[in-house]
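This is what each chain is made of:
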Amino acid sequence: KNQVEQSPQSLIILEGKNCTLQCNYTVSPFSNLRWYKQDTGRGPVSLTIMTFSENTKSNGRYTATLDADTKQSSLHITASQLSDSASYICVVSAPAASKLTFGTGTRLQVTL
Amino acid sequence: KAGVTQTPRYLIKTRGQQVTLSCSPISGHRSVSWYQQTPGQGLQFLFEYFSETQRNKGNFPGRFSGRQFSNSRSEMNVSTLELGDSALYLCASSLNFYTPQDTQYFGPGTRLTVL
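Residue numbers (the numbering used here), protein chains in the order written: chain A, 44 to 155; chain B, 58 to 172.
Hint data in this document are derived by calculation from the structure and do not stem from the laboratory.
Quick caveat, the model's predicted, so the values are computed rather than measured.
Hints may be right or wrong, so weigh each one.
Stated by the list, open to error - Mimicking DSSO-like on lysine-lysine, the simulated pairs with C-alpha atoms at most 30 Å apart in a straight line are:
1) B:LYS70 - A:LYS114
2) A:LYS114 - A:LYS44
3) A:LYS114 - A:LYS100
4) A:LYS142 - A:LYS60
5) B:LYS70 - A:LYS100
6) A:LYS44 - B:LYS70
7) A:LYS100 - A:LYS44
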């Protein structure tokens, strides 16, 4: 069964600190992996997308890494800001259209 | 360009009732997908519509149905509501028939509470 597991489930960090969120998946075959940011009361917004051959993708202070051999991905947030408080969802795609497997997300809270 | 809009934003119903949710995609987008989001299960795919035809369907009972109109607007219907249907229902649009390389743009969702 295709699964995407994210850790930690929740995280609290101080503003300005860095943090790393983890995503492990068992989806096969694999097409790509996305990280989404979902603010409270809003729909998810795509941060990064990586295919099988890509190891790293950055979007501002967000850097995603992918190890397709171990089926692991991480999202690193640098110099966190209060606006980074949100849920971060890892989504893995199989090649077939609309075959998306979503993780349950990591809830990040950035505090003063 | 306006984003994906969903109406209503909040809805309270009782068990056994039915509900219709509406989604207007980004102008020019022809594909609309629907998702259910709950704290325990995360996001789960309901169905996708493209050119007024359902192209893909997730593992949900027949009580969940949808349709798409010629202007690409889509509606989702849930009949005989159950307590477990309480969730955030999200729709997402993409330019064409969705492939993994495409970016889906999500609406803000409709929060459905079933009492």
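Cross-check of the supplied hints:
{"no.": "1", "hint": "B:LYS70 - A:LYS114", "verdict": "violated (41 Å)"}
{"no.": "2", "hint": "A:LYS114 - A:LYS44", "verdict": "holds (14 Å)"}
{"no.": "3", "hint": "A:LYS114 - A:LYS100", "verdict": "holds (16 Å)"}
{"no.": "4", "hint": "A:LYS142 - A:LYS60", "verdict": "violated (35 Å)"}
{"no.": "5", "hint": "B:LYS70 - A:LYS100", "verdict": "violated (43 Å)"}
{"no.": "6", "hint": "A:LYS44 - B:LYS70", "verdict": "violated (34 Å)"}
{"no.": "7", "hint": "A:LYS100 - A:LYS44", "verdict": "holds (27 Å)"}
Checked against the numbered hints above, the structure violates hints 1, 4, 5, 6; every other hint is satisfied.
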